[in-house]
Structure formats: structure tokens, C-alpha cells
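**Student:** Given the sequences, and given the hints that come with them, work out the whole structure.
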Amino acid sequence: MMNMARQYVTEAILLAVRDSAHADRMVTLFSREHGKFQAIAHGARQPKSRLGGCLQPFASIRAAIAGTTGVETITQCEIINSFRELRDDITLLSYAAFLSELVSELWPERQPDEFVYDMLLTAYHTLPHRNPRITALASGWQLVALAGFHPEYSVCVNCGRALDQSAGFSCDQGGCICHYCQQEPLPEFGLPAGELMDKLLKLDWQQPDSFSVNSRTLLQLENILYSYLEYHLGKPLKSLSFIKQLARSSVMDKASQSGDNKG
Numbered sequence: 001m002m003n004m005a006r007q008y009v010t011e012a013i014l015l016a017v018r019d020s021a022h023a024d025r026m027v028t029l030f031s032r033e034h035g036k037f038q039a040i041a042h043g044a045r046q047p048k049s050r051l052g053g054c055l056q057p058f059a060s061i062r063a064a065i066a067g068t069t070g071v072e073t074i075t076q077c078e079i080i081n082s083f084r085e086l087r088d089d090i091t092l093l094s095y096a097a098f099l100s101e102l103v104s105e106l107w108p109e110r111q112p113d114e115f116v117y118d119m120l121l122t123a124y125h126t127l128p129h130r131n132p133r134i135t136a137l138a139s140g141w142q143l144v145a146l147a148g149f150h151p152e153y154s155v156c157v158n159c160g161r162a163l164d165q166s167a168g169f170s171c172d173q174g175g176c177i178c179h180y181c182q183q184e185p186l187p188e189f190g191l192p193a194g195e196l197m198d199k200l201l202k203l204d205w206q207q208p209d210s211f212s213v214n215s216r217t218l219l220q221l222e223n224i225l226y227s228y229l230e231y232h233l234g235k236p237l238k239s240l241s242f243i244k245q246l247a248r249s250s251v252m253d254k255a256s257q258s259g260d261n262k263g
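At position 262 of the sequence shown the residue is numbered 262 (the numbering used here), and the sequence of numbers has no breaks.
Keep in mind that the hints were calculated from the coordinates and are not lab data. As the structure is a prediction and not an experimental result, all values here were calculated from the model. We treat Cβ as the ideally placed atom computed from N, Cα and C, and that holds for glycine. There could be a bad hint or two in this list.
Quick list of the computed label-pair ranges, beta carbon to beta carbon [as the list claims (entries may be wrong)]:
(1) Asp172 / Ala64: 23 to 31 angstroms
(2) Ser212 / Ala23: 44 to 52 angstroms
(3) Leu201 / Pro47: 13 to 21 angstroms
(4) Gly174 / His129: 41 to 49 angstroms
(5) Asp198 / His42: 46 to 54 angstroms
**Tutor:** Here it is as C-alpha cells:
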């Protein structure tokens, strides 16, 4: 069947931006009505282009799209929210890039999902104003759940026994494993991890509650999330290597300033 040319206007979030040939710019967008899709902005890298300033990573835009499915072109564009603060701070940049890459990898082309769109937009608004590490972790687990990989964290996935302090987490079985069912060593996933997971997955973004987080438990859930994503995607996310590098650099800086590694 021949692809028919079409034109439409949509609000979208820029998940990724990369340079293309002939001063063009190729972008990956996520729209509430159209899901994830690719589009090209011809001449966007030219100094006088009106499109170039709009097409920045993480920006929320209103774009006029023309062309056939798979070969679409951005003809006009205006910024709704540039989210410039996310690009100006290295920590915010790293976590925003993680969430963008996560959505790009987990959602197939042209699968509309208003919950994903709204969550990503809310996360971008929240990152500069609350703890970005916890914001990214909560958003990451909620996106995983929306993608259909909701982890079982209250009972053992094998026998149904309630979560206890000695449980572990199995990526291939999709949740916690009690010590009776563990056939091999697993990453620790005890009661504190389960309680934090419950808070993160049920977090109300419109009225988020304040709660304290143990640094050890936070690190556990981060490492489990990263491993869980790598298992389901079959590859590591590029943004995670940068986050880990940033974390190592932060630890080294603190150690050089204080002379120890206290959390």
C-alpha cells in the first residue's frame, strides 16, 4: 500500500537530536497523540534557520509535520518549554538523558501513550526542583511498569511468601525471591528496598510526599533498575555509563575534600 502524504500539528518532547547531512537535523519526538517517531528538519543547522533554536534535547515543542510516515519533515516549530536548565547542569542533564533514552528504547514507533508523555513532561519539570537522583529513579521504575515490566516486590515470585529481610531480586523472574527459593546468590532486596519501591511506584507527581531515603537502599534500587533494564533491553543504556562516571567523580571529589568516604 502506498504511503499517503499528510500534514499535521502536534505537541511533542524531543527525546534525541542528532546532526544529519546537508546542515539538517534528525530528531526523535514523543507526542501524546502519535507516540514516538522520527522527523528531519532540513537546514536546521544553518545560522539563519528558524528551526535550529527550537530543536534542543528535552524541549517541549509545537511542530508542524509534513510528509509520509517514516519520511516526515518538520516544517515549522515553536518552543513551549525549552527546559534549558536541564542542559545547563551536568547532573540534571545526565538524569534527563536517562529518562529520554529509556522512553526511546522501551516504546515502539507510533504507539501513543498519554501517561508516558505526561510522566516525562512532569519529570522534566520536577528534576530541577527536587532531588534529581530520586526523581529519575521513581520515574524510571514507573516507566518500566507502564511498559509492562512491573516488578513483583511484595511477595516471592516463586512461592508467594511475603517479602523478608533476606530476599533477593531476580531480573529474569521479574521480582523478589525469598531465601528458601534462591538457587544462586542474588542482589539483596529486603524490606527497606520493598518499602522504597512501593513509595516510588505509587508516588503522586501532582502532590509528591516528602520522605527520607537510606543511601544504601537507594543504591540497591538503582543498581537493580539498571540491571533490570539491561536484561529486558538486551543492552546497557548509553546514558547510564555517564551517570555512573558522574557518581564516581562525585565520590572522589568528596573524598578528596573530607578525607573519607562517608555517605
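**Student:** Please list, smallest to largest, the hint numbers that this structure does not respect.
**Tutor:** When the structure is compared with the hints, numbers 1, 3, 4 turn out to be violated.
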